[in-house]
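A.B. asks: Below, each chain spelled out in residue letters.
2 protein chains.
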Amino acid sequence: MKRSDRLVGLTNYFINHPRKLTQLTYFTDRFQASKSSISEDLDIINDMFEKEGIGSLERLAGAAGGTQYVPKFDKEKSLSFIKKICKELQDPSRILPGGYLYMSDLLGSPSILKEIGKAFVSAFYDKKIDAVVTVETKGIPIAYAIAEYLNVPVVIIRRNMRVTEGSSVSINYVSGRSQRIQTMVLPKRNLQEGLNVCIIDDFMKAGGTVTGMISLLEEFNATVVGIGVFAEAKDEEDERIINEYISLVKVANVDAKSKRIDVSIGSFYNK
Amino acid sequence: MKRSDRLVGLTNYFINHPRKLTQLTYFTDRFQASKSSISEDLDIINDMFEKEGIGSLERLAGAAGGTQYVPKFDKEKSLSFIKKICKELQDPSRILPGGYLYMSDLLGSPSILKEIGKAFVSAFYDKKIDAVVTVETKGIPIAYAIAEYLNVPVVIIRRNMRVTEGSSVSINYVSGRSQRIQTMVLPKRNLQEGLNVCIIDDFMKAGGTVTGMISLLEEFNATVVGIGVFAEAKDEEDERIINEYISLVKVANVDAKSKRIDVSIGSFYNK
Numbered sequence: 026m027k028r029s030d031r032l033v034g035l036t037n038y039f040i041n042h043p044r045k046l047t048q049l050t051y052f053t054d055r056f057q058a059s060k061s062s063i064s065e066d067l068d069i070i071n072d073m074f075e076k077e078g079i080g081s082l083e084r085l086a087g088a089a090g091g092t093q094y095v096p097k098f099d100k101e102k103s104l105s106f107i108k109k110i111c112k113e114l115q116d117p118s119r120i121l122p123g124g125y126l127y128m129s130d131l132l133g134s135p136s137i138l139k140e141i142g143k144a145f146v147s148a149f150y151d152k153k154i155d156a157v158v159t160v161e162t163k164g165i166p167i168a169y170a171i172a173e174y175l176n177v178p179v180v181i182i183r184r185n186m187r188v189t190e191g192s193s194v195s196i197n198y199v200s201g202r203s204q205r206i207q208t209m210v211l212p213k214r215n216l217q218e219g220l221n222v223c224i225i226d227d228f229m230k231a232g233g234t235v236t237g238m239i240s241l242l243e244e245f246n247a248t249v250v251g252i253g254v255f256a257e258a259k260d261e262e263d264e265r266i267i268n269e270y271i272s273l274v275k276v277a278n279v280d281a282k283s284k285r286i287d288v289s290i291g292s293f294y295n296k
Numbered sequence: 026m027k028r029s030d031r032l033v034g035l036t037n038y039f040i041n042h043p044r045k046l047t048q049l050t051y052f053t054d055r056f057q058a059s060k061s062s063i064s065e066d067l068d069i070i071n072d073m074f075e076k077e078g079i080g081s082l083e084r085l086a087g088a089a090g091g092t093q094y095v096p097k098f099d100k101e102k103s104l105s106f107i108k109k110i111c112k113e114l115q116d117p118s119r120i121l122p123g124g125y126l127y128m129s130d131l132l133g134s135p136s137i138l139k140e141i142g143k144a145f146v147s148a149f150y151d152k153k154i155d156a157v158v159t160v161e162t163k164g165i166p167i168a169y170a171i172a173e174y175l176n177v178p179v180v181i182i183r184r185n186m187r188v189t190e191g192s193s194v195s196i197n198y199v200s201g202r203s204q205r206i207q208t209m210v211l212p213k214r215n216l217q218e219g220l221n222v223c224i225i226d227d228f229m230k231a232g233g234t235v236t237g238m239i240s241l242l243e244e245f246n247a248t249v250v251g252i253g254v255f256a257e258a259k260d261e262e263d264e265r266i267i268n269e270y271i272s273l274v275k276v277a278n279v280d281a282k283s284k285r286i287d288v289s290i291g292s293f294y295n296k
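Chains as they are written, first to last, in the numbering used here: chain A, 26 to 296; chain B, 26 to 296.
With the rest of the complex left out, here is chain A (with noise of 0.2 Å):
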């Protein structure tokens, strides 16, 4: 196989396995080269991601070695897909009744996912994350699109309990501002004991609900080393509960009369 081959093949091996160590016989043996001439491919590729602004090859020696792909995109790149998104979510027509605004067709697409879930990965990269836990349901996708990237799993806490999932821990909670109670599920085989989690969601007003997520997640012994939000309301940032946690996008003012919404770039970015 020619060393172009081989790079087409290599790349969409590492772009298809972000974060997965794989050892230097396995290329030899799937593309027929040898050791050396794989090892110029991987100079190749790993220049090539960098310059790219998406990450790099790691490589590493020894027994248990190999090389992989760890996802890290390039900043400026990022906050230009923010200000796209701060700007679509300006448009009056979003506006829903009771002063919400409508998201749902930006959190269904793909592409637009991929571009979050990458926003995320820059901005938890020096974390050791080994779980992506959302709450059902509009998180779940950004969650998914984060754990990619970050090749660990996903676990979403429900808002009932199911027949379906055996066993499970479950919490009450106050939600914000409403003073609703409010219930939270997790299986208990859905998560192991005592890991590193990141906690994410799709909206925060108050902060209720990823206050109840931490409360629920402190019955696994899981330390929370992040909390991401794809959009936070910025009219509740005196009165809210919880302190380190970054958005991408913050909503202030949403007014049907007036027809203004005012969505400026969330904490991460806007540094």
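It should be emphasised that the hints constitute simulated quantities derived from the structure, not laboratory data. Built from N, CA and C at the ideal position, the CB exists for glycine as well. Some hints here could point you the wrong way.
[Said to hold, decoys possible] To give an idea of the chain B side of the interface with chain A (calculated C-beta under 10 Å), a few residues:
#1 S29
#2 D30
#3 R31
#4 L32
#5 L138
#6 Y150
#7 K153
#8 A156
#9 P166
#10 N176
#11 V180
Starting from the structure of chain A, add chain B where the hints point.
C.D. replies: For chain B alone, coordinates are given in the frame of chain A:
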């Protein structure tokens, strides 16, 4: 930029933008190369994609033309993945009270979801699909895994009316064997009228949920061109309301007493 660098950059681009038609001038600008050089690169990539069993590059001539990566995956590889899943599902420790089978670990893994997505994409290869429709909660990641390869949006049907979604269409339906009345809701804005859709869910027993989804989709004048479920309960085959569907695995005889589960290859890959 050298050919070797361009091949890495182009491969990364196509893998990350399936079914997106891109003009040649985009590539000549981005990689600072002549049309004939890029054209040769595309030949190399196409040949290697076909050799690796991941699809091909389709080129359309003319002013509105360009190149797109059309994913189509090797059926043998999908078959061996499904066989591996069958084996994993037969583990007796997966039996839950009530004869249910624990599957959340599999559907929580991004790399397993990618393989599930590939298996469905090959099965639906000849269908024109505008959107992938699922119902919350466990079908959601499967729907996104497929939609990503098809470059179409995901539409999520909810179990309850949400204030944050605007005006919605809801239906009541009778769930398969339990004969309970259930509700499904889809916000009007989430699905355009008259589209070709494919329905995805994680598990099908008698088929009540899928029948409900079909009724709801009729309200949107959608044409259901495909139905895919990850697993189906084989015991229910005789009384099933739905006829045309694809399943990846069939689960039968979940017997908590004898600790036995029979799992076999589903309809499409069992031909």
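A.B. asks: Does each hint hold? Answer for all of them.
C.D. replies: Hints, verified against the model:
1. S29: Given a least distance of 5 Å, the restraint on S29/B holds.
2. D30: holds (5 Å)
3. R31: holds (9 Å)
4. L32: Holds - the Cβ of L32/B comes within 10 Å of chain A, reaching about 5 Å at its closest.
5. L138: holds (7 Å)
6. Y150: violated (18 Å)
7. K153: At about 18 Å, which exceeds the 10 Å cut-off, the nearest Cβ of chain A leaves the hint on K153/B violated.
8. A156: Since the shortest Cβ distance to chain A is 8 Å, the answer is holds.
9. P166: holds (5 Å)
10. N176: holds (7 Å)
11. V180: holds (6 Å)
The structure shown violates the earlier hints numbered 6, 7.
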